[in-house]
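Asker: From first to last, the protein sequence lines are chains Z and C. Residue numbers for the first sequence follow the numbering used here, so the first one is 1 and each next one is one higher. Residue numbers for the second sequence follow the numbering used here, so the first one is 353 and each next one is one higher.
Read the hints as simulated data drawn from the structure, not as lab findings. Built from N, CA and C at the ideal position, the CB exists for glycine as well. Among the clues, some could well be false.
To be verified - Covered stretches of chain Z, as calculated for chain C (at least 3 residues, CB under 8 Å):
1) 24 to 33
2) 188 to 201
3) 277 to 291
Said to hold, decoys possible - Cut-off 27 Å, straight-line C-alpha distance, at most; resulting in silico cross-link-like pairs (BS3-like, lysine-lysine):
4) Lys450/C / Lys234/Z
5) Lys210/Z / Lys562/C
6) Lys566/C / Lys210/Z
7) Lys269/Z / Lys294/Z
8) Lys470/C / Lys210/Z
9) Lys294/Z / Lys450/C
10) Lys450/C / Lys562/C
Here are the chains, one letter per residue:
2 protein chains.
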Amino acid sequence: MAKLLLLLALAGCQSAPLQAQKDPLPSWNDGPTKQTILGFVRRVTTEGSADFVPIADRIATFDNDGTLWAEKPLPNEVYFVFARVHEMAARDPSLREKQPFKAVLENDVAYFQQHGAKAIVELLVATHGNLTQEQFAAEVRRFLDTQHHPKLNRPFTATAYAPMLELLAYLRANGFQTWLCSGGTIDFMRVFSYQTYGIRPDQVIGTELKRESKVIDGRRVIWRLPAVESINDKETKPVGIDLHIGKRPVIAGGNVLSEGDIAMMEYSKGRQGPSLQLLIDHDDAEREFAYQEKDNVSLNAARQQGFTVVSVKRDWRNVFGAQPGAKQTSSVEPAPMDRRSMAVPQFLQVAR
Amino acid sequence: MAKLLLLLALAGCQSAPLQAQKDPLPSWNDGPTKQTILGFVRRVTTEGSADFVPIADRIATFDNDGTLWAEKPLPNEVYFVFARVHEMAARDPSLREKQPFKAVLENDVAYFQQHGAKAIVELLVATHGNLTQEQFAAEVRRFLDTQHHPKLNRPFTATAYAPMLELLAYLRANGFQTWLCSGGTIDFMRVFSYQTYGIRPDQVIGTELKRESKVIDGRRVIWRLPAVESINDKETKPVGIDLHIGKRPVIAGGNVLSEGDIAMMEYSKGRQGPSLQLLIDHDDAEREFAYQEKDNVSLNAARQQGFTVVSVKRDWRNVFGAQPGAKQTSSVEPAPMDRRSMAVPQFLQVAR
């Protein structure tokens, strides 16, 4: 009896051994991909194994849009930009005649096709800047609490992929730090990263606005300036990882769309010792969205460098979790989404 | 018996309750300062207390130079800069005739008094740049393994303050994340922060060089460019905290010297809920170094804003830990330190 109590009590201290008992990845179909993941984690966490990685070095970094949650027809943060523009125009009608706001309000895709990244950055800084961090976080929270994904018809945070949520929990149960490393803005992601992914705000890496600290009404605050400090994408993702973590990831996860995660995976691959790279291929139009990449650059990199390709169609038993009940919608109307919206490559590019 | 085993096993899961039994801060003299610290931690960690702070929000940030380890006659990282200059000149004698290297090699303080910050930044980027992160870390490690502090005659990492090491351990035992937030460079501190302070590399915030990721010999690396990306000091410390942590510190610790930590303390003070700011006053010439600040700006801020002032003389029973045996010295000769070196305010300013 004493022994039993002792074992129970000890088991309570360390979830990993318990986790190992049952299938930690029920939303993943059995097959080579799932076996690669389970086998890798077993090898790097087994003391005495040649591939053993100490807990201090168990770093896993994941892209967000298209890797942890959906990114079609447009990345979720773009809908936040739209909602902000509609709100700002409601408060200041003069914006209705001012570009690039006018183009958003009239869903003028041609304008963005013509003015590309410049117009997008203008929108980003106008909707994300000129606020304190606290004010911005409140805006994001209100958006997430009241808006729905236009195609998947569920709260944006419910567009998270069930298999990836299981993977994140499985990695943490095995001593891994799980980090976000996305082209989305760091302060947008920090608002929901913990509740949605179990990822703490200090473990989020993303695109940044310039900020300054100043005293307003006797209180020192962080003020968001209407200017981009750095874009976290492609070759700059390893720099963001170095800035925030200071170690190479043992596991790096990204997806096929805009070559955005190749450098991060190469950075992981380049570490001394074992590493695993997961590249999600969106090939399931029925359960999610099917999309490829120009010239298959990421898939070719995976073939050449030995990244593990995850097929949504073959490897995922479920794509999304149970759909939460629809929440009340706010007065903010999201901009109408239609097929034309999908023809804005620059939008996707920059918003990643 | 079963009960006892169970209790023992459970106790093993959570060190905080055990810690609380004995004095967690033996190197602190009993008195108002120590009582303020112990009382604050008790209040914010007691469930049901009006001041209870959830573990997720238990953030403590500490300056490094003069707060966690000595900074006189010059900040420790400056001796690394000197050592690098001597090494570089040994490899490339032409540097002996080139400023600001010449001034370092000849200990020409007047030059730095004349050229100030510009010369310092030139030295910083020349000694810290044009390396991969791995190469730079190896240089720092070699410096720390072979060089000694010129006045305290011990390895630089042994200039850490015993009372602060106890405070860091005490805070972690009570669920706090302990962060470094210093004007020193992030990658210099990351090399020793874990072994010296128990602070992980991803919880270090500091001054940064520009970096890029590129492929060298088929391997993606982080390349350090010879240019400053950002200085982490004064008003920019809250920005660094926001970038890396995304939350306001519940506890912020700094010291009197150059007004470098006032903004960080104001940022902590400005949080919703309880907070504690510790300002170390170096007033003990016998056991360490005694130095004040022009116009007492930091001490005045402490009085006006209610920061807790820590007197080295009154509040610390011990300043340093037991002195480790001297390590073998390398071929690198540190630049001779003398009284004149202490007359380089710009040096201290920028190197903080």
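Asker: Each hint: holds or not?
Answerer: Outcome of the hint check:
| no. | hint | verdict |
| --- | --- | --- |
| 1 | 24 to 33 | violated (count 0) |
| 2 | 188 to 201 | holds (count 4) |
| 3 | 277 to 291 | violated (count 0) |
| 4 | Lys450/C / Lys234/Z | 39 Å, violated |
| 5 | Lys210/Z / Lys562/C | 16 Å, holds |
| 6 | Lys566/C / Lys210/Z | 25 Å, holds |
| 7 | Lys269/Z / Lys294/Z | 23 Å, holds |
| 8 | Lys470/C / Lys210/Z | 24 Å, holds |
| 9 | Lys294/Z / Lys450/C | 51 Å, violated |
| 10 | Lys450/C / Lys562/C | 24 Å, holds |
Violation of the numbered hints given earlier is confined to hints 1, 3, 4 and 9; the remaining hints are satisfied by the structure.
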